[in-house]
Amino acid sequence: MAKTRPFAMLAEFEKPAHVMSAAEKVRDAGYSKWDVHTPYPVHGMDAAMGMGNSKVGWFTFVGGVTGYTTGMVMIWFLNAVDYAIPIGGKPMFSPWGAFPPSYELTILFGAFGALFGMLFLNRLPKWYNPLFKSDRFKKVTHDRFFIVIEVDDPKYSEAATRELLENNGSSHIEIVED
Amino acid sequence: MSDHAPAIKLEAPPVELERERLVSNNRDLGEISDQICDVMERPTPLWWKICMVPALLLLSMLGAMVAYLVTVGVGVWGNQHPVMWGWAIINFVWWIGIGHAGTLISAILFLLRQKWRTSINRASEAMTIFAVMCAGVYPLIHVGRIWYGWWLFPIPNSNDIWPQFRSPLMWDVFAVSTYFTVSVLFWYMGLIPDLAVMRDRCKKFFGKFAYGLFSLGWSGSNRHWRNYEKAYLILAGLSTPLVLSVHSIVSLDFAVSQLPGWHTTIFPPYFVAGAVFSGFGMVLTLLIPLRTVCKLQDIITVRHIELCCKVTLTTGCIVGYAYFMEVFIAWYSGSSYEKYAFWNRAFGPYWWGYWAMIGCNVVVPQFFWLKSVRTNLWVVFFLSILVNVGMWFERFVIVVTTLAREFIPANWGYFNPSPVDIMTYLGTFGLFFTMFLLFLRFLPMIAISEVKAVVPQADPHHPLGGAEEGGHH
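Chains A and B, in that order, are what the protein sequence lines are.
Each residue of the first sequence is one higher than the last, beginning at 1361 in my numbering.
Each residue of the second sequence is one higher than the last, beginning at 510 in my numbering.
This is chain A alone, in the form it adopts within the complex:
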């Protein structure tokens, strides 16, 4: 049997209001390596956890700019430089005619930026997660709410952390092994 060591303290909550007020207390207590797990995005939880705006937008922006530039440069190069095809006396390159495909590529690359940016920021796909060893944690996709505080957190202490979570409405607390 492989050696195990404690990974985190897992506290279960039954209602979104309970987990939210507990999250505010955990935030105010100054923990840093912790997270809230919920079956759906709880409105207001970002503030309760003290988190700012997501950075996904930057990935989309870079994707969109790349897409538009790719479209315009590609069409100019293909139809005006590499193999010019004269059609009805029209200019070899016109930004107006090149706009629709470039517009579509802006959206295409921007969408790739949003999805893959989100996955990158979340470090997904994640092949191993010690939390999945807990049977109770399976309910996180059903109807339960969890606060996870890692043992590596500098503020973590088995007794004090347990007390904080218990006093703030957790219905069940367990230690998850790595």
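Everything labelled a hint here was simulated from the structure, so no lab data went into it.
It should be emphasised that the depicted structure is a prediction, and the values quoted were computed from it without experimental measurement.
Glycine is no exception: its CB is placed at the ideal position from the N, C-alpha and C atoms.
Check the hints yourself; a few may be wrong.
[Stated by the list, open to error] Covered by chain A, according to a simulated footprint, are these stretches of chain B (three or more residues, beta-carbon under 8 Å):
| # | stretch |
| --- | --- |
| 1 | 670-682 |
| 2 | 690-701 |
| 3 | 704-710 |
| 4 | 732-745 |
| 5 | 748-757 |
[As the list claims (entries may be wrong)] Label pairs and their in silico Cβ distance ranges:
| # | chain 1 | residue 1 | chain 2 | residue 2 | range |
| --- | --- | --- | --- | --- | --- |
| 6 | A | LYS1450 | B | GLN806 | 52 to 60 Å |
| 7 | B | ILE655 | A | PHE1480 | 36 to 44 Å |
| 8 | B | PRO750 | A | TRP1418 | 18 to 26 Å |
| 9 | A | ASP1388 | B | PRO750 | 41 to 49 Å |
| 10 | B | PHE951 | A | ALA1520 | 42 to 50 Å |
| 11 | A | ARG1365 | B | ASP547 | 38 to 46 Å |
Fit chain B to the supplied structure of chain A, relying on the hints for placement.
Okay, now just chain B, sitting in the frame of chain A:
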């Protein structure tokens, strides 16, 4: 947050002003999961098997017709001079249009914060993807020598010639392939948390493995939800201009040409409205039977059906206005060709198509003004089918009447579809319904985590969400 500020207590609205809840019978979070997953977890229902048989037969027919077309050539279709664009483009535009409702529901209604969309967005997005697949069959096979289909894309070939980007047909290639790709990305991203739900419920090894693989290790972390919701918002924001551009570009295939009846500036908005109109027709056609056979009446309520009817009515009125405006401009333009084109549509050899279009697209949606109609599901189902019939005729009228009667009478003709045309079209229904039925059995047909988020049990400030009397925790 502060302990000193007194909680603001809001008066509850009077009973008559309270909105009907989006999920009826006060289902809580767990029950929502159970109800939606039950569609996939129960043994294969009889209705599913009964529907799958004709779907697979039609799909086989599509395969046979495409094989026949490829071996013999496009001459097996009814296309001939002067109508060289026949059912292939009609059906292409029709299927693409149907897809538009899915994107409207998933993206535009999301930006407009219409929370009722959560009950129907997943199935509608699936409809979009499968409809675009059906549409995509046509551009691929209509080129005749389909082994040159890749010439549509800017891929280097031995002749060193590139696609010609001044043609709207080339724009269409980019619009439709982007539309398909982004629709799949958006759909898949929405599925990730729900695949995790399936992963945690599934008892069978293969299901657990497959759902686990595609849910990417999702654990419902709020640090993840934060990026996820932002990405969702951005994808909605990108899909909105995308869906408006797709049918606009499809309409440019016609509007950029010089033919009377096609060369009009009204085409892009008119096509987009028609697309959303027909798409909502299809959403209603699919969801009305599904909510009953899948026992999802609590989640797809009559209110949802009513709201879809209202969108259908609105877009139907825009379409009706566009028909009127086309005729007015034809008269006002003073161009004899333009005037003739519209006179010919209404009273020429294809008069039946024109009046079927007016009847189904302008008259039929007017019934949706009545609440008694909107809440009678049999009537709504019947009318929603008429909407789709009408929109097929609209594309028929636009494509065929103009081509059959263009400038020189020596070029006039009459279009008749061949049996291969008809069987190919019916075959695409096989493709659509096969995909849709498989979707119903293997993926959650309703966005579980999104529906959970709109019930009062999910709201930390609602008593059902655990909030104490007087508001915030």
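Hint by hint, here is what the structure shows:
A stretch counts as covered by a chain when three or more of its residues have a beta carbon under 8 Å from one of that chain; for the stretch 670-682 of chain B and chain A the count is 9, and the coverage holds. Three residues within the 8 Å Cβ limit are the bar, and the stretch 690-701 of chain B against chain A gives 6, so the coverage statement holds. Counting residues of the stretch 704-710 of chain B whose C-beta lies closer than 8 Å to any C-beta of chain A gives 5; at least three are required, and the coverage claim holds. Coverage of the stretch 732-745 of chain B by chain A holds. Counting CB-CB distances below 8 Å, 11 residues qualify, and the rule asks for three or more.
Counting residues of the stretch 748-757 of chain B whose beta carbon lies closer than 8 Å to any beta carbon of chain A gives 4, which reaches the threshold of three, so the coverage claim holds. Restraint check, A/LYS1450 to B/GLN806: a C-beta distance of roughly 58 Å satisfies the suggested window 52 to 60 Å. Roughly 38 Å separates the CB atoms of B/ILE655 and A/PHE1480, a value that falls within the hinted 36 to 44 Å. Hint check: B/PRO750 to A/TRP1418, Cβ distance near 20 Å, so the stated range 18 to 26 Å holds.
Between A/ASP1388 and B/PRO750 the CB atoms are about 42 Å apart, so this pair conforms to the stated range of 41 to 49 Å. As the Cβ distance of B/PHE951 to A/ALA1520 is approximately 47 Å, the hint placing it in 42 to 50 Å holds. In this structure the supplied range 38 to 46 Å holds for A/ARG1365 paired with B/ASP547, their Cβ-Cβ distance being about 40 Å.
Hint violations for this structure: none, all hints satisfied.
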